[in-house]
Structures are given as structure tokens and as C-alpha cells.
Amino acid sequence: MSDDHVYLTLAEGHEDDTRWAYGTGFEDPLHGVDTTVPEGVDAGALAADCVALADDALVSAQRLAEWVTRAPELEEEVALANIGLDLLGQARLLYSRAGQVDGTGRDEDAYAYFRDADDFRNVRLAELPGGDFAFAVVRLLVLSSWRLAHFRRLEAHPDPVLAAVAAKGVKELTYHRQYAAEWCVRLGDGTDESHRRMRAALDEVAPYLGELHTAYDVRDEVADDLRQVTEAAGLTLPVYRPLPGSGRAGEHTEHLAPLLTELQGIARAHPEATW
Amino acid sequence: MVTGTPTPLDAARRARRVAEQVPDPELPMLTLADLGVLRDVEVGEDGTVVAGLTPTYSGCPAMAEMRADVAARLREAGYARVEIRTVLDPPWTSDWITEAGRRKLAEHGIAPPGAAPRGGPVPLVLSPTRPAVPCPRCGSADTEETSRFAATSCKALWRCRACREPFEYVKEI
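Listed in order, the protein sequences are those of chains A and B.
Numbering follows UniProt numbering, with no gaps: position 50 of the first sequence is 50.
Numbering follows UniProt numbering, with no gaps: position 146 of the second sequence is 146.
Hints listed in this document are in silico derivations from the structure and should not be mistaken for laboratory results.
Only a predicted model underlies this, so the values are computations on that prediction, with no experimental measurement involved.
Glycine included, each C-beta is placed from N, C-alpha and C at the ideal position.
Take these hints with a grain of salt, some might be off.
[To be verified] Output of the computed footprint for chain A on chain B, the stretches with three or more beta carbons under 8 angstroms from beta carbons of chain A:
(1) 12-21
(2) 51-65
[To be verified] Simulated restraints on C-beta separations:
(3) A/Tyr240 to B/Pro166: 21 to 29 angstroms
(4) B/Gly139 to A/Gln264: 48 to 56 angstroms
(5) A/Asp217 to B/Glu45: 46 to 54 angstroms
(6) B/Arg17 to A/Glu75: 37 to 45 angstroms
(7) B/Gly139 to A/Arg186: 51 to 59 angstroms
(8) A/Pro160 to B/His108: 30 to 38 angstroms
(9) B/Arg164 to A/Val41: 34 to 42 angstroms
(10) B/Pro28 to A/Pro72: 28 to 36 angstroms
(11) B/Val125 to A/Tyr216: 22 to 30 angstroms
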């Protein structure tokens, strides 16, 4: 035992599976899962799909975590943090799967912490800055509705790992969408001020909707959800012209790089650190 | 009273019994078997115990803890070689919480989940009414949700209008 530094003392000298604090000692979230890629599955395409879906989740989780200590009420802070945690869990599983199948053997941290903005494939809606609570719930409604519809298709994916991650995610995303939808109705159908902010949030989100229809065409499902919520909230989805470019092709707004700087700073400053 | 020679349990049953008794790190009144996250325990010909665990939620931070606890308990019980596998398919459902588990949750002031929604399309429902969760303390159905999310992924926050107590509720998933 070294006694010159309390944290060094805590981090060393343990046998087997003993750890010094709850939540430390992260290991491969796919530990013990059969990693075989089924015949007929294009490993490169599978890895790219996993990375894109993981990037959406990681970047969204980071934006959601920014609400911690800033949400209007403690309950909403807990809710947004929990939703972010679910997405972070999905990201970990998907990055791990990507590393298994793309031939590089990279672990989840290599994808999350050691790629630059140009290498990220998340949709741009996920990376837009936080804005107000109205924007947070409108964005969450759109992204969770889209991801839910997408994951429902992926439940039938020929790769059993991706299919299992999707099947799990469907249950979680159903809760996320429900939470966001209820807040959208409450705010849209609330005071003049909350209604005005909801309209502004929809205006901000609308140009990014066109980017959401890539791998699977789930336009109808997402449109149905948005129509149902906006009607109940006394709002209309504005007509928009989709922005050119796509985060799926590595084209991002100026907001992604600063987000990653914060997310990756410690890991890059201490690349050999473990936690 | 049991008399006579005890029937020797085979290795797998004994290992399973050890693993079943491991408490959940976040709901310590439940064992991992009560919670339904312990999936299978097998003993290979070389004596290796292989235990399967399934996460409740994708981001559940307790998974590493559960894995470590099960491995440690099995080693303490004399199994030198232990392997813990993550089982992703089929995904965990709150329906797997056993009857004993539900009883223990209620005894500790946590409302157990109702029946989980079955697979198939997942419609968005905006109707204001949600099935009432009976208060685990006084049994009243006059309760309301205060937050859909709580201190752990698997729970929501409710309160009872009759006895005024706040309580947690394990969500159906």
C-alpha cells in the first residue's frame, strides 16, 4: 500500500473483483456475449451502423447531462439524467459491438474519447446547444420517437447483438418519448410564454428533421407521433426546408467540437487513466 | 424436521443456490434471483461455474457490481473457476421479478410493478389517466406520480394522497 496519496491508496492493492467504490472498475459491457458475426452480415456496415447509433446516444446523453443542476425542478433533473444514462448504456454496448466487428478491436473508450468531431456520425440535431427546457423536450421528443421507430426495425437485424441492444432500447425509449410528449403538451397547452417557447423550439428543430431518415425509412411513424403531440398541444409543426449536409457523413455544426472538448478532456489528458 | 441422509445436491444446483442468494446492490432487500437478473448457472466438466446475468436497463451502473458480487460469492463457496456472462437476449422485463421479490419490495415501501406491456407496436398515449399504483404502506389507490424517473433507472416516484407518504415504484418494462 502506498500512503503518500489517498486516492492512490484506494486504487491499488485489491484482489479479484473487490473495488474501492461503487461504480468503478468498468469493463466491457458485452462481457461474455457471443461475438461471432453471422454469415452474410457485412461487418463493415454493421460497425458503421453501430457507431452512428452510439454517437447519437453519446452526444444526446452529454446534452442531457448538462441539465444536471440547471433543470427547473429536481424531478426533471433526475428524469433528464436518467434518460441520458439509458442512452449512455446503449452507446457503450454499441461501441463495444463496433470494436468487435470492425477488425480494430477498439474498446468503447477509444470511440468515445479518441475520435475527433469529423469522425463522429451523430445527427446534428443531437449536438445543438441546450437552449431552454422547451427546446430540450421538443428535441427529446423528436430524437426518441425516431430512435424508437428505428430500433423497432433493428430488433429483426440479422446480427443478434445489435438486435438484442435494440430490443432492450425499445423499452427504454418508449419511456423517454412518453416523458417528452407529456411535457410538450403541458408547455404547448400552458401559458402564453410556454406556448411561445414551444413554437420557437419547433422552429429551431424543424430544419433538422430531414436528416433523420437515413438507414430505415421511419418517416411515417415519427410524423404520426409529432402530429399527435403538436395537435394535443395546440401547436403546428412548421413547414421547413431541410438543411443541406448530414451528420451521418461527418458534416457537423460548430457546436460538436466544443461538446467533445468537454467530454473528452480528462481522458485525453490522462490517456492511461482507469476508472 | 428433516431426517435421514441429506440428498447431495449436484454441483450446478449448489452453485445456483449460492448465486441466487446474492443481494441486489441497489435493492438489497431482493436477491438477484428475486429480481430476475440471474439467468442461468451451469457447471462445466472442468468445474468452471458459468453464471448468466441480464441487465435491467442498458445503462444500469450496478451491472459491474452484480457481476463482481456473484463471482466473489461463488469463489467463497469453493468454486475456483467462475465465469460471468452477460445475457442480452431476451431483454429483462419487470415480469421476471418473482412473487417473493414483489412481496419484499412492498414490505420495504416500494410498490412492485404491474404487468409489463407486451411486444408489438408501441403507441404513444397522451391520455391523462394512468393506472393507479396502490400505496405500499396503506394500500390506498388514491396515489399520484410525482416523477417518472427516480434514484435508479428502474423506479419512478409516487405519493399517496391518503397517508401522504411518498414512495418509489418499480416501473413496468
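Okay, the hints, checked on the actual structure:
no. : hint                                     : verdict
1   : 12-21                                    : violated (count 0)
2   : 51-65                                    : holds (count 10)
3   : A/Tyr240 to B/Pro166: 21 to 29 angstroms : 43 angstroms, violated
4   : B/Gly139 to A/Gln264: 48 to 56 angstroms : 51 angstroms, holds
5   : A/Asp217 to B/Glu45: 46 to 54 angstroms  : 50 angstroms, holds
6   : B/Arg17 to A/Glu75: 37 to 45 angstroms   : 41 angstroms, holds
7   : B/Gly139 to A/Arg186: 51 to 59 angstroms : 30 angstroms, violated
8   : A/Pro160 to B/His108: 30 to 38 angstroms : 37 angstroms, holds
9   : B/Arg164 to A/Val41: 34 to 42 angstroms  : 56 angstroms, violated
10  : B/Pro28 to A/Pro72: 28 to 36 angstroms   : 33 angstroms, holds
11  : B/Val125 to A/Tyr216: 22 to 30 angstroms : 24 angstroms, holds
Violation of the numbered hints given earlier is confined to hints 1, 3, 7 and 9; the remaining hints are satisfied by the structure.
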